[in-house]
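Colleague: In case you want the letters, here they are:
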Amino acid sequence: AQTVTQSQPEMSVQEAETVTLSCTYDTSESDYYLFWYKQPPSRQMILVIRQEAYKQQNATENRFSVNFQKAAKSFSLKISDSQLGDAAMYFCAYRGKIQGAQKLVFGQGTRLTINP
Amino acid sequence: DTGVSQNPRHKITKRGQNVTFRCDPISEHNRLYWYRQTLGQGPEFLTYFQNEAQLEKSRLLSDRFSAERPKGSFSTLEIQRTEQGDSAMYLCASSMTGEYGYTFGSGTRLTVV
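Quick mapping for you: the protein sequence lines, in order, are chains B and W.
Heads up, my numbering is the position in the first sequence plus 906, with the first residue counted as 1.
Heads up, my numbering is the position in the second sequence plus 179, with the first residue counted as 1.
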């Protein structure tokens, strides 16, 4: 079974600085999707960025980028120019691509605090 | 259509009572998912539907849990004889076939006292 591990329960960063959130995963599959989701307090989960395993190029969405290391099964999220609105729980998630593999497997989450 | 809607937002129930939650997905989405999230943890998969067919159920979904999606539109999740361990946030999400990501609802927070 696939597992996702986020080893940083909490992180904090000064506003406008850069922070990196770590994620590792375990799978025997060769192709899959990886995601970072953001869950603000008392609000719904929002997709931040996604990566397809067969693509070597790291995904980027504005201030958010990933460092995808397939051999190491590592998928970290870098947030540049941190803003107060970035404060939230961040979840790393895995989804397989084989037929019928629809469920997301989530990590335990990292709580990100932005210090003004 | 403003996204995935879940009702109620909060539910407090006494142990042993039955509860039912509702999820209205984005109208054109044919897939619907239920997840459970306990405090400080990531969401855990419970079940998913493609149209009205329930295609996968987690072992977390005990006999006390049942989910339906009649006519492939809204879905209900019922918990019978609730236990304190059922206290959690129940999240619903939807997607279209071929899409890689989900749209999540805001969840229903269940407290069993």
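These are computed hints drawn from the structure, not numbers from a lab.
Just so you know, even glycine gets a beta-carbon here, dropped at the ideal spot from N, CA and C.
There may be inaccurate statements among the hints.
To list a few chain B residues with every Cβ distance to chain W over 12 Å, as calculated [said to hold, decoys possible]:
#1 919
#2 948
#3 956
#4 957
#5 966
#6 989
#7 991
Which chain W residues face chain B? A few, computed with CB under 8 Å, are given here [said to hold, decoys possible]:
#8 210
#9 220
#10 224
#11 227
#12 244
#13 246
#14 277
#15 280
#16 285
Colleague: Each hint: holds or not?
Modeller: Against the structure, the hints come out as follows:
Annotated as non-interface, residue 919/B keeps its C-beta farther than 12 Å from every C-beta of chain W; the closest such distance is 21 Å. At roughly 8 Å from the closest C-beta of chain W, the C-beta of residue 948/B falls inside 12 Å, breaking its exclusion from the interface. For residue 956/B, the requirement that its beta carbon stay farther than 12 Å from each beta carbon of chain W is not met, with the minimum near 6 Å. With 12 Å as the threshold on Cβ separation, the claim that residue 957/B sits away from chain W is violated: the shortest Cβ distance comes to roughly 10 Å.
Consistency note on residue 966/B: stated as away from chain W, and its beta-carbon is indeed over 12 Å from all of that chain's, at 16 Å minimum. At roughly 22 Å, the least C-beta separation between residue 989/B and chain W is larger than 12 Å, which holds for a residue marked as non-interface. Under the 12 Å C-beta cut-off, the non-interface status given to residue 991/B relative to chain W holds; the minimum distance is some 18 Å. Given hint, residue 210/W at the interface with chain B, holds; its Cβ is 7 Å from that chain's nearest Cβ, closer than 8 Å.
With a cut of 8 Å, the hint placing residue 220/W at the interface with chain B holds, because the nearest CB-to-CB distance is about 6 Å. The interface hint given for residue 224/W is met, as the beta carbon of that residue sits about 4 Å from the closest beta carbon of chain B, less than 8 Å. With 8 Å as the threshold, the beta carbon of residue 227/W comes within range of chain B, its nearest partner Cβ sitting at about 5 Å, so the hint holds. Of the supplied interface hints, the one on residue 244/W is violated, with its beta-carbon coming no nearer than about 16 Å to a beta-carbon of chain B, more than 8 Å.
With a cut of 8 Å, the hint placing residue 246/W at the interface with chain B is violated, because the nearest CB-to-CB distance is about 14 Å. Look at residue 277/W: its Cβ only gets to about 12 Å from chain B, farther than 8 Å, so that hint breaks. For residue 280/W, the shortest C-beta to C-beta distance to chain B is roughly 5 Å, which falls under 8 Å, so the interface hint holds. Annotation: interface hint on residue 285/W holds; nearest CB of chain B at approximately 4 Å, less than 8 Å.
Of the numbered hints stated above, those contradicted by the structure are hints 2, 3, 4, 12, 13, 14, listed in ascending order.
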